[in-house]
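**Student:** Please arrange chain W on chain R, whose structure you already have, making use of the hints.
Spelled out from the first residue to the last, the chains are:
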Amino acid sequence: MLFVGQAIQMVLVIALAPLVTGIVRKVKARFMGRIGPPVIQPYRDLIKLMRKETVFAENASWLFRAAPYAIFAFTWVAAALVPSFASGLMFNWAADVIALVALLGAARVFLALAGMDVGTSFGGIGASREMMIATLAEPAMLLVVLTMALAAGTTQLPGVADFLISAPITVRVSLALALVALVMVALAENARIPVDNPATHLELTMVHEAMLLEYSGRHLAMIEASSQLKLVLYLSLIVSLFVPFGMAPAQSGVAAWAFGGFAYVGKLIAGAVLLGMWEVSVAKMRVFRVSEFLGGAFVFAFLAILLAFLTREVMR
Amino acid sequence: MTLLLLAVALYASAGLAAAVFHRRLLAIVYPLCIAAAMLAIIAGLPVLFEGTSETLHLPLGLPSIGLHLALDPLSGFFGFIVNGGVLAASIYGLGLDREHDLSPRIEPLVPVFAAAMNLVLIAADAFGFLFFWELMSLSSWALVVANHRDPANLRAGHVYLVMAAIGTAALLFAFGGMAGVAGGYSFAAIRDAALDPVVAGLVLTAALIGTGSKAGLFPLHAWLPLAHPAAPSHVSALMSGVMTKVAIYGVIRIVFDLLSTPQWWWSLPFLVLGAATAVMGLLYALLDGDVKRVLAYSTVENVGIIFVGLGLALAFRTTGLEAAAAVAMAAALLHSLNHSWFKSLLFLGAGAVLHATGRRDFDGLGGLIHRMPVTAVFVLVGCLSASALPPFNGFVSEWLLFQAVLAGPEFPEPLLRFLSPAVGALLALAAALAAACFVRLYGIAFLGRPRSPEAARAREVPGVQVAAMGMLAALCLAGGLFGGAMARSLQPLLLMLTGAALPGRASGPTALSLVAFNASRSSYDAPTILAFLLISGVLTTLLVHRLSSRRSRRSAAWDCGFPDSSPSNQYSASSFSQPLRRVYGSTAFGSTETIDMPAPGDHRPARLRVGFRDHAWDWLYLAPARFILASSLRLNQLQFLTIRSYLVLMFSALIVLLVIAAVWF
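From first to last, the protein sequence lines are chains R and W. So in this note's numbering, spot 135 of the first sequence is number 424, and the numbers just go up one at a time. So in this note's numbering, spot 315 of the second sequence is number 1072, and the numbers just go up one at a time.
Next comes chain R alone, as it looks inside the complex (with noise of 0.2 Å):
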C-alpha cells in the first residue's frame, strides 16, 4: 500500500513537472500580453529533444555522457522524499530533510562538472557561478530545514508535515522567516528571476543555462525534465510544509489520498500562477547583487533557527 502511493508519487511528479513548468510561461506570456505557448508545449519540447540526434564536443568524457542521467536521478529521488499528496510513504524514512539538501547538492555538482567538461568559457564562467550561489543557497536552505525540524521535533520530512498538519494554526515568526527565505533561495536555485533567467540565451548574465550549452538531443531532455522536476519539488517543499491543508496523513485510506492528490494540483498550479506573476512583476538583478539578494536569505534563515532554538526549550 504505502510502495504502491510511493510509486503513485514518483510518477505524478514527474508527468507534473513539464506541466506546471508550461504554466509558469503561460501566465508570463498572458501578463506580458502575448498569447504563450499552450501549457503542454514542455511536454512537446522534451518529446522533439528526445528525437533529434544527440551532438557532442570533440573534447566531452563519459561524465558529460553520464551527468544528465545522474543529475536526473538524484533529484528524482529527492522530489520522491517530499511529502506531496501523503506523508508518510515507503520511502519517506530513508533520508530526512539534510539528506534532501545533500541529494540536491550533489545533482548540482554533476551539473557544474558537466559545464566544465567540454572546456569552454561560457561552462566555467556558469559553473562558477552557479556554485557561489550556491554556498548561500545551500546554507540558507539547511538552516530553513532545520528550522522546520526544530519546531516539529524531528529531521524526518513526513513528520515535520504531520506535526504541521496536526499543529494548532499559529503565527509563529520563525517559521515567517523560514518562509521568506525558502522562497528567495527557491528562486534562486531554479533559476528564477530576480536570480537567473530561464529564458535567456547568449548573455554574460546567464548561469544555469550556461552550464548547459553543450548539450543537445536526449541529454539535453534529461537536463530540461531534470529543472522542470526541481521546481515541481521546491513548489511542493513550500506548499507541503507551509500549507499541508488537504495533505492525506500517514496511514489513511485511498480517499484521503485522492482528496490529498487533488489538493496537491491545485496547490501546485496556484503557486506557478503565483511564480509567473512574480517573474512578470520583477527584473533581473546583476549577478553580484545576487549575493545580496541570498546574502539576505541567508540571514533571515539564520534568524529563523535562532528564535527557534532561543523559544524552544526542550526538543521533543
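Because the hints were derived from the structure by calculation, they are not lab data. The beta-carbon is built from N, C-alpha and C at its ideal position, and this holds for glycine as well. Warning: the hint list may mix true and false statements.
Said to hold, decoys possible - For each label pair, taking beta carbons as the anchor points, the in silico distance ranges come out as:
#1 1288/W with 340/R: 28 to 34 Å
#2 1372/W with 541/R: 56 to 62 Å
#3 1312/W with 575/R: 45 to 51 Å
#4 858/W with 340/R: 53 to 59 Å
#5 1220/W with 342/R: 35 to 41 Å
#6 1220/W with 575/R: 49 to 55 Å
#7 813/W with 351/R: 52 to 58 Å
#8 962/W with 600/R: 31 to 37 Å
As the list claims (entries may be wrong) - A few chain R residues facing chain W, derived, Cβ under 8 Å:
#9 347
#10 350
#11 359
#12 385
#13 410
#14 416
#15 541
**Tutor:** Then chain W, alone, in the frame of chain R:
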C-alpha cells in the same frame, strides 16, 4: 599489545635497514610497512570492539618513571586511522620508480614517522607522549625538507619547525600543569588528580595550543598548507590524513580523559575556533592555485569540523545530555576516520597527477579525465566524499553533526543555546563552500582541455598506485553505505568518552540505517538511497535510450557560436573563484582588484591585478616575528659595549637586586 609492539619494531627495523643499507634496500621499506600496518590494525581492532584495555610498564626512558604504555579503545580507534593511512600510502609507495623517486632522505624516515605516530597513541605517561610526539614532529619535518633544493620547501620546513616547537612547549606546560599537583607523570596518576579550576583552564589553553597547532586549528594553521604539500605526495597523505588525527587524539585524550572535572565553558573555544577554522580553511582553499595546497587547506577545514564535534560533545556531556554528547562525539570520531580516507585518496591522486604531468598548479592541468581515466574516477569519488555528498562517507559524519546541532535547544546555558545555531550556520556554509572548492579542483584539473603540453602527454600511473587509490575510494563508498554499522561499532569508545552510545541495531528501519537519537526523530539509510538512485538512474537511462533517437555524433564544441581555439582561453582556477572572491574575499582577506586599462591607441596589454592579505599571517606570525627580530637587534648592542659600560651594568644590576631583596624579605 605484544602484536602492536611487534608492528612498531617492524616499522623501526624497516627504517633502520633502509638507513644502513641505503641505495640497495630502500625499496624494501614499503613491503615491510605494509606488513607492519596490517599487523598493527589486527592488534588494535579487538580492543576497539570489545572495549578492553591493556597496559604495560617497560623499564625504559626516564629513571624511576620508566615507560608506561596502554592500549584502550581510544588508542585502538586512532591506531586504526593511522595504520590504515600508512597501509594505503605504502601500497602507493610500492609503485614509486626505483631510479628517480626513492631517496635515502625519504624512505628511511617514512617508517620512523609511522612508528612514532603509533607510539604517541599508546604512550601512557607524559614523558613518553611528549618524546614520541616530538619524534613524530621531527621525522615529518625531515620529510618536508627532503627536497631541500627548493627554497619554498626550506621556508615551509622553517615555519613548521617553529610551530612544532611552540606546540610541544605548550604541551609541556599542559602536562606540567596536570602532573604538578599529582606528582606523577603517568596518565593513571594524572587521571586521579583533582585540579584547581584555574589550573585546569590554563591546562586546557595550553593543550589547545599544542594540539591545535599540530592539527591546523585557525589561526595556528599557517604552517600546514606550506609543509604538507612540500613533502612527497604519499607522505603528504600521511601528514594531512593521519598526523592531524594524532593531534585530534591528543586533544581528546587530554580533555575527555585526563582532565577530571570538565566545565561547560571549555567547549566555547572548541566551537568558536572550530567553526572559524572550517569556513576560513575553505576560503583560503578557494583562492589558492596549487592542487596540493588546496588539499592541505581542506584539511584545515575538516579539522575545524572535527573540533566543532568535540566542542559539542564536551558541551553536551558537561550539561548532562549524554545521548546528544554521544551523537556529537560519534560525528567527530567518524569524521576523523572518513577524512583520513578521502584526504589520503585525494593526496595520492594529486601525487599521481604530479607524477604524470610534473605539475601541481591548476594553470598547467586540465583534461586528465581522458588521459588518466581510472585515477580520474577515484579522485572524483574523493571529491564527492570531501564535499559531503551522499552516498559517500563525508556525508555520514556531517549528518551526525547536524543532528547534534539540532539538540542544541536542550542546553541549560543560554550562551550555548545561542552559539549552537550560529555554529550550525557556519557548518552549513562550510559544506557549501567545500562543494565549490572541489568542483573547482576537479573541474580545472581533470575536466576541460589540457592547459600545458605536459598535461596533454600525461599517462596513467603504475597499477599498484591506482590500486592504492582504488582501495581508499572503495573505503569512502563503504564508509558512506555502512556509516550506521560503523557508528554502532564505536559503542565502547563512546561509552568511555561520553557515558552514552548511539541507539542499537534494532532501532532503525533497516539493519544498516544510521539513527542518531531514535528512529522517529532522525534516520538516514544510505543503502536504500543508493539503491533508489541506481534503480531510477538505470531505469531512466534504459528508457531514454529505448525511446529516443539513437543517432549521435561528435563535433566541435558549440560555445555559443564563438569557439575559442586556445585552451588557455578556458576558465582558469582563478577565474572560477572570482565570484567567490568578490563575495567573501573583501571581508575575509580585504581582497582588491585593480584594472589597468591602457588608453585607446596604446599597445600595452590590459592587466587585472588581484591582491589579498592574510590577516592571520600578518598579525599572528609576521608581527611577533618582527618584534622578536627588532628587540634582538636592540639587545644585540649589549655585545659591543666598553668595559666601563659593562661594569656600570653589573653594578646597577646588583643594586637593583639588593633593593628588591630588601623590599621583598
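**Student:** Hint by hint, note whether the structure agrees.
**Tutor:** So, going through the hints one by one against the coordinates:
no.: 1; hint: 1288/W with 340/R: 28 to 34 Å; verdict: holds (32 Å)
no.: 2; hint: 1372/W with 541/R: 56 to 62 Å; verdict: holds (58 Å)
no.: 3; hint: 1312/W with 575/R: 45 to 51 Å; verdict: violated (34 Å)
no.: 4; hint: 858/W with 340/R: 53 to 59 Å; verdict: holds (54 Å)
no.: 5; hint: 1220/W with 342/R: 35 to 41 Å; verdict: holds (39 Å)
no.: 6; hint: 1220/W with 575/R: 49 to 55 Å; verdict: holds (51 Å)
no.: 7; hint: 813/W with 351/R: 52 to 58 Å; verdict: holds (53 Å)
no.: 8; hint: 962/W with 600/R: 31 to 37 Å; verdict: holds (34 Å)
no.: 9; hint: 347; verdict: holds (5 Å)
no.: 10; hint: 350; verdict: holds (5 Å)
no.: 11; hint: 359; verdict: holds (6 Å)
no.: 12; hint: 385; verdict: holds (6 Å)
no.: 13; hint: 410; verdict: holds (6 Å)
no.: 14; hint: 416; verdict: holds (6 Å)
no.: 15; hint: 541; verdict: violated (18 Å)
Consistency note: the structure conflicts with the earlier hints numbered 3 and 15.
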